[in-house]
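Protein chains: 2
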Amino acid sequence: MNNQKSIMNVGIAGLGVVGGEVARQLMTRGDALSFAAGCKLNLTAVSARNRDADRGIDLSSLQWFDNAEDMAKIDDLDIVVEMIGGSEGVALDLVRTALSRGKHVVTANKAMLAHHGTELAKIAEENNVGLLFEAAVAGGIPAIKTLREGLAGNDFTRVYGILNGTCNYILSRMEKTGEPFEDVLADAQRLGYAEAEPSFDVDGIDAAHKLTILGAIAFAQTPDFDAVSIQGIRDVAAVDFAYANQLGYRIKLVGVAEPGVAPRMQTCLLPLNSQLAKVNGVLNAVEFHGTPIGSTLSVGPGAGAGATASAVLADLIDIGHGRLTYPFGRPIAALADGSAVERRPGDDTPFYVRLMVIDQPGVLAEVTKVLQEHDISVESLLQQGRAPDDVVPLVMTTHETAQTSLESALAAMAELACVRAKPVAMPILFDDLEG
Amino acid sequence: MNNQKSIMNVGIAGLGVVGGEVARQLMTRGDALSFAAGCKLNLTAVSARNRDADRGIDLSSLQWFDNAEDMAKIDDLDIVVEMIGGSEGVALDLVRTALSRGKHVVTANKAMLAHHGTELAKIAEENNVGLLFEAAVAGGIPAIKTLREGLAGNDFTRVYGILNGTCNYILSRMEKTGEPFEDVLADAQRLGYAEAEPSFDVDGIDAAHKLTILGAIAFAQTPDFDAVSIQGIRDVAAVDFAYANQLGYRIKLVGVAEPGVAPRMQTCLLPLNSQLAKVNGVLNAVEFHGTPIGSTLSVGPGAGAGATASAVLADLIDIGHGRLTYPFGRPIAALADGSAVERRPGDDTPFYVRLMVIDQPGVLAEVTKVLQEHDISVESLLQQGRAPDDVVPLVMTTHETAQTSLESALAAMAELACVRAKPVAMPILFDDLEG
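Line order of the protein sequences matches chains A and B. Okay, so the first sequence: first residue is 117 according to the working numbering, each after it adds one. Okay, so the second sequence: first residue is 117 according to the working numbering, each after it adds one.
The hints are simulated quantities; they were obtained by calculation from the structure and are not laboratory data. All C-beta atoms in this analysis are idealised placements derived from N, C-alpha and C, irrespective of residue type, glycine included. Any given hint might turn out to be false.
[Said to hold, decoys possible] With a Cα cut of at most 25 Å, we get these calculated DSS-like pairs of lysine-lysine:
{"hint": "1", "chain 1": "A", "residue 1": "K189", "chain 2": "A", "residue 2": "K156"}
{"hint": "2", "chain 1": "B", "residue 1": "K292", "chain 2": "B", "residue 2": "K238"}
{"hint": "3", "chain 1": "A", "residue 1": "K292", "chain 2": "A", "residue 2": "K238"}
{"hint": "4", "chain 1": "A", "residue 1": "K121", "chain 2": "B", "residue 2": "K121"}
{"hint": "5", "chain 1": "A", "residue 1": "K121", "chain 2": "A", "residue 2": "K292"}
{"hint": "6", "chain 1": "B", "residue 1": "K238", "chain 2": "A", "residue 2": "K238"}
{"hint": "7", "chain 1": "B", "residue 1": "K292", "chain 2": "B", "residue 2": "K121"}
{"hint": "8", "chain 1": "B", "residue 1": "K238", "chain 2": "A", "residue 2": "K121"}
{"hint": "9", "chain 1": "A", "residue 1": "K485", "chain 2": "A", "residue 2": "K538"}
[Claimed, not checked] Listed next, the stretches of chain B that the computed footprint assigns to chain A, with coverage defined by at least 3 CB atoms under 8 Å from CB atoms of chain A:
{"hint": "10", "segment": "296-306"}
{"hint": "11", "segment": "391-401"}
Excised from the complex, chain A in its bound form:
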């Protein structure tokens, strides 16, 4: 209804799995998509490294650019779809140039937005064009639109979720089969669920990029990746899943953003009946808490050509209708400086703690003495199976404890003669969406 132009010329830079799918959708479903957009979405230009790759679509009628940035410089282009990836380099140059020249940009590049989102949003604002990135966070879940529009009337108290499908797959599989992390990772790599260099996923960095973006929008701050405290999933052992289950919990890598607290990626325990705990396998989920909504959750594929292309198409359709919002929900001048926000420690939480101890009399007394010295109170304790003079797990859950107290208690426990491996600790997170 606010349609501004009858034709929008679109150029795609990067024709990998997602870029290729977006091109295919625009070429094979052009009429339906144009109808949905209220204007003709006209794919006219592409840029990719390899001109000869077989992408299953005929691109011969399109303008081809070997250099993506050159594409952003042509006059008769309205929208640049950036599908190159990487926080710096070609992608960043392309987006800067496109926005500066008054072209709308649609991107899935979470790393670039987490590191350079403020600068790019400012350029978009100055040039009165859109910078849209629904595909950057949990592809198949319209999380950005939900946060920025669907729940725009809320004062958010927490935004959190399962933001990396690879980690969720690995954790779900370890819980189901009892296999160790390394074996499941190797299998995930073989199946194509994990990269050959898995650190980006399993150390929580990819999820932290997404969390940075969600937190910026929810709490009206410029995105600040450096503020995120990041923990991955490498420390979890198969035995932890069994204990967690027995205690009524499931282990998940969850990103949590709250106002005035450093955002954190944490491997944590969730009650089995919380909605977030029920999201398994490669699925992603994003949950929003606020006033007056209470809580609401979206679940879907976080990656994949189709899901990500769907998000890109939604952005193109919004541009077609002239339904533009500020990239982070408000003008840059109205956002707090994310790097300067004063942050209090997070609320005290209960923790799950697993020690590997030598099975001897007196061990429990030594361990509980350390806890007492750090003013930590135990909620439950499991010491199952006997193996005299051998190493066995000792599992505890604590009552609400400050992160700092817990860390110093863990350091002290690690020094005990009876403790034979680095203690493992994970916070227990309660979700108000249960059912």
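Mind docking chain B on chain A? Use the hints.
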């Protein structure tokens, strides 16, 4: 960014639980909401039956209208929020008048939209104003925005969900405790989860209103409530939950809309590991299947003052920004006539069937003969516990079967001497979102 006016005057008709909460939000969080809307959202007028009720907010500075329609006639009002309810009468007159006089309308009135949505959308279109109803379907889930915008680039193959919190609560509770329907309903009424006159909820009518709206948007048709085939939850017995679980399923009231098939509200079985089966208690859920997205699901509170108010506020903010869409996603002229769509029968599905039979030799032969005569093949059969000459349940699941074949087989089985109660049958629905 498309802001059109610097002040929008808002009037609310109906100050019940939700209307009162919207008023309270606008009065106590006015600055934040106006900032989010990009213009001042100025509550200036209200209409309700009882001027003296204590609503916890001071309305004395506002214009008061005893007659809601009179409010829609004043000049200095930009948006009417209709919170009266009911498909006809005052609410319908108010909305017609408001739209005709060029005022935007925000409503939560699913019954009115299911019955008169086409007419109202046409008036809105002619007057170039918005008719927004995010609150009408699953209050705390931004389902309308997700369908109309977040997934706008998709060709939908199915939209379905748990659309009535009262039914979901009753079914979840019956499964958990084994109590019969009547007892759980009475308790839900006592707790305020069900109305004194429960038919609207438990017979599936309320959910069918929501399904009508979702189907219209997803499949570009005018809303046609009369096309929906509606079944409620009264026939389910506590014993069905135990059998369903044993077979790997959970019983839910699910609304299903598919292109070219009559939309249906059905009490059905879902695999335990499907995401929809994991949504319990009063929660609602809406799942979208399409190309290229695959599947995505949203879960949240379906009712309640806060969740519904959040949806109304989102609509007000969209109006503030001038982010208007056609009510059913496209101009009325571009929608198919919902009442004239030719509908094929739904796909064949497996069914769960429970017979109450007399425990005597030969019963199984009689029953399976009927199935054979109707060309229905059995996938599993449970005949547990013995009670010679007494009545016992005989439970079966079938392979894919046409609804019509099943119905005629059920009618034939009901005639058998050994069958002592009306057979109970429910389709088994598979969800592609598992995890």
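Hint-by-hint comparison with the structure:
1. K189/A / K156/A: Answer holds: K189/A to K156/A is near 21 Å, not above 25 Å.
2. K292/B / K238/B: Outside the cut-off at roughly 47 Å; violated.
3. K292/A / K238/A: violated, 47 Å
4. K121/A / K121/B: holds, 22 Å
5. K121/A / K292/A: violated, 53 Å
6. K238/B / K238/A: violated, 40 Å
7. K292/B / K121/B: violated, 53 Å
8. K238/B / K121/A: The hint holds at about 24 Å.
9. K485/A / K538/A: Holds, at about 18 Å.
10. 296-306: violated (count 0)
11. 391-401: holds (count 7)
In this structure, the earlier hints numbered 2, 3, 5, 6, 7, 10 are contradicted, and the remaining ones agree with it.
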